[in-house]
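Asks: The chain contents come next:
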Amino acid sequence: AQSVTQPDIHITVSEGASLELRCNYSYGATPYLFWYVQSPGQGLQLLLKYFSGDTLVQGIKGFEAEFKRSQSSFNLRKPSVHWSDAAEYFCAVGGIGTASKLTFGTGTRLQVTL
Amino acid sequence: GAVVSQHPSRVICKSGTSVKIECRSLDFQATTMFWYRQFPKQSLMLMATSNEGSKATYEQGVEKDKFLINHASLTLSTLTVTSAHPEDSSFYICSARDWASGGTDTQYFGPGTRLTVL
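Each protein sequence line maps, in turn, to chains R and H. The numbering of the first sequence is my numbering, which starts it at 1 and goes up by one. The numbering of the second sequence is my numbering, which starts it at 1 and goes up by one.
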């Protein structure tokens, strides 16, 4: 069975500081990995995704993530956080094909202090 | 980019009534859409997979007679909560699968619908 672990429930960083959100996954085949962001009362917005190729993936809003197969990880990073980045971040894993579904982690709530 | 809309964004209804939520893919065709439920400060729970032109596939524990799903076109899926009760109050989010060129497979999410059953 596939699963995603986001070990940090809540993280607080100062504006301008760097950020790393952790994500570990379990998947029986080649994983497709995603990071989504959710603002309060809103749906999910796709930040970036990894399917194949370069293991360092660039996304929107200055985010990037690195796929490390040996560690089963897909951590999200941003060099300098902005106050508007405060939100809930979800990591997800899925496969390819019409029967594939996404499995989400429990989310990490990011708070940004000024 | 791929845009998914949901309507209504918020609905309040009396116990025992039915509520319909629409999910539309605005700039792409989606043969597959998904319906999720999210409890406060929790992750998303997949309820069902909606396939255009065929019956939805429900996850274990989800009552298919209570949560009716219809996917009549390539851009529209509806979720009807029948005989709603206060315990059905939740945030419902849909997503639509976009098969981009090259075979990549990405779900794009709607803004969600907040259902409150009195």
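Source of the hints: derived by calculation from the structure; they are not laboratory data. Some hints could be false.
What the hints assert, rightly or not - Calculated lysine-lysine pairs in the DSS-like style (CA-CA distance at most 25 Å, straight line):
(1) H:K64 - H:K20
(2) R:K68 - R:K49
(3) R:K61 - H:K66
(4) H:K55 - H:K20
(5) R:K101 - R:K49
(6) H:K66 - H:K14
(7) H:K14 - R:K49
(8) R:K61 - R:K49
(9) R:K49 - H:K66
(10) R:K101 - R:K68
(11) H:K64 - H:K14
(12) R:K101 - H:K14
(13) R:K49 - H:K55
(14) H:K55 - H:K14
(15) H:K55 - H:K66
(16) R:K101 - H:K41
(17) H:K64 - R:K49
If you're wondering where the values come from, they're calculated on a predicted model, not measured in any experiment.
Asks: Take the hints in turn and mark each one as holding or not.
Replies: Against the structure, the hints:
1. H:K64 - H:K20: holds (14 Å)
2. R:K68 - R:K49: It holds: about 14 Å lies between the C-alpha atoms, which stays within 25 Å.
3. R:K61 - H:K66: violated (40 Å)
4. H:K55 - H:K20: holds (17 Å)
5. R:K101 - R:K49: Satisfied, since the Cα-Cα distance of roughly 15 Å is no more than 25 Å.
6. H:K66 - H:K14: Answer holds: K66 (chain H) to K14 (chain H) is near 16 Å, not above 25 Å.
7. H:K14 - R:K49: Status violated; Cα separation ~41 Å.
8. R:K61 - R:K49: holds (14 Å)
9. R:K49 - H:K66: violated (34 Å)
10. R:K101 - R:K68: Holds: K101 (chain R) and K68 (chain R) sit about 21 Å apart, inside 25 Å.
11. H:K64 - H:K14: holds (21 Å)
12. R:K101 - H:K14: violated (33 Å)
13. R:K49 - H:K55: Not OK: K49 (chain R) and K55 (chain H) at ~29 Å, beyond 25 Å, violated.
14. H:K55 - H:K14: violated (28 Å)
15. H:K55 - H:K66: holds (15 Å)
16. R:K101 - H:K41: holds (22 Å)
17. H:K64 - R:K49: violated (32 Å)
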